[in-house]
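In order, the protein sequence lines correspond to chains A and B.
Read in order, the letters of the first sequence correspond to residues 166 to 277 in my numbering.
Read in order, the letters of the second sequence correspond to residues -13 to 102 in my numbering.
I should point out that these hints are in silico values taken from the structure, not numbers from a laboratory.
These numbers come from a predicted model, not from an experiment.
Idealized CB from N, CA, C, for every residue including glycine.
Heads up, a few of these hints could be off.
Stated by the list, open to error - Computed Cβ-Cβ distance ranges for the label pairs, DEER-style:
#1 B:S(-2) - A:S270: 20 to 30 Å
#2 B:K101 - A:L176: 26 to 36 Å
#3 A:Q206 - B:Q43: 27 to 37 Å
#4 A:E180 - B:S99: 25 to 35 Å
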Amino acid sequence: DGGITQSPKYLFRKEGQNVTLSCEQNLNHDAMYWYRQDPGQGLRLIYYSQIVNDFQKGDIAEGYSVSREKKESFPLTVTSAQKNPTAFYLCASTGGAYYGYTFGSGTRLTVV
Amino acid sequence: AQKVTQAQTEISVVEKEDVTLDCVYETRDTTYYLFWYKQPPSGELVFLIRRNSFDEQNEISGRYSWNFQKSTSSFNFTITASQVVDSAVYFCALSEVWNQGGKLIFGQGTELSVKP
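The following block holds chain B by itself, in its conformation from the complex:
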């Protein structure tokens, strides 16, 4: 069965620290997509990144980087030199190609608090 686990419920760091948010997934499909979303205090979920199951290249976007490892079924998200504006809830999600309509399976979310 498909499942996404974000074991870290809450993380608190001080500004400028690096922080990694863990995401582990389960799927029987060989073709799937992984996503990260950010939910700031305003509530709307914002898309951050998509990765397909055939592309294990790590990705960097400014202070954000993502490490995708199929061998461990993980898709971890690192924020370098965290800032207060990074404070939000972050969700990891999985969609399977066979799953009609593209329904996402979400992890429980990790609430990140960055203190000045």
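This is chain A alone, in the form it adopts within the complex:
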């Protein structure tokens, strides 16, 4: 079955460490997105990529980095520069405006 896989589901890291969240899709979608969600809050766009080897900053890109070396994969690195990294991170992909997004199940990151 086609879909998006995010791993791991839960991630714990010590303050000051970089951490990479995985997002893989087998839907053949060109565009992929990373969102951050804090408790009781909406979705905030971190980075997005509409084609391999290209990506754009979203609304809250500071302290994050991404790469898009393959169509299927869009990993997100939360760097030590991110002031408050504890949050729920959602990855999504789309085949175009008509389709809307397919979402992954999310990664809950806790930095202690």
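Starting from the structure of chain A, add chain B where the hints point.
Chain B in isolation, oriented as in the chain A frame:
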């Protein structure tokens, strides 16, 4: 500029009540799509419905119904005879055809709590 507003941050109802979640959007595009997603406590967003800007027919799916009115730029979602399992955060979203890649503009979400 494109924008989606869900003015209701939280709604609490008792089981079997009907409830309507409001969604108002802004866009300059004449061709666009509107969506509703459900986010249960598990976290993953689940697609509920898509509407294109040329189709103003209301849609009903079981206990769910959607009312799309271009004149008021609204796409409201009604749950009839609510159940505890309907408790979730619901997001309304907009995609514009001109917007390459189909990036969605989300509302802030409405948290629905259905009490037994």
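Against the structure, the hints come out as follows:
1. B:S(-2) - A:S270: 20 to 30 Å: holds, 27 Å
2. B:K101 - A:L176: 26 to 36 Å: The hinted range 26 to 36 Å holds for K101 of chain B and L176 of chain A, with Cβ atoms some 33 Å apart.
3. A:Q206 - B:Q43: 27 to 37 Å: With a Cβ separation near 33 Å, Q206 of chain A and Q43 of chain B satisfy 27 to 37 Å, so the hint holds.
4. A:E180 - B:S99: 25 to 35 Å: For E180 of chain A and S99 of chain B the Cβ distance comes to about 34 Å; the hint holds.
Of the hints listed earlier, there is not a single one the structure fails to meet.
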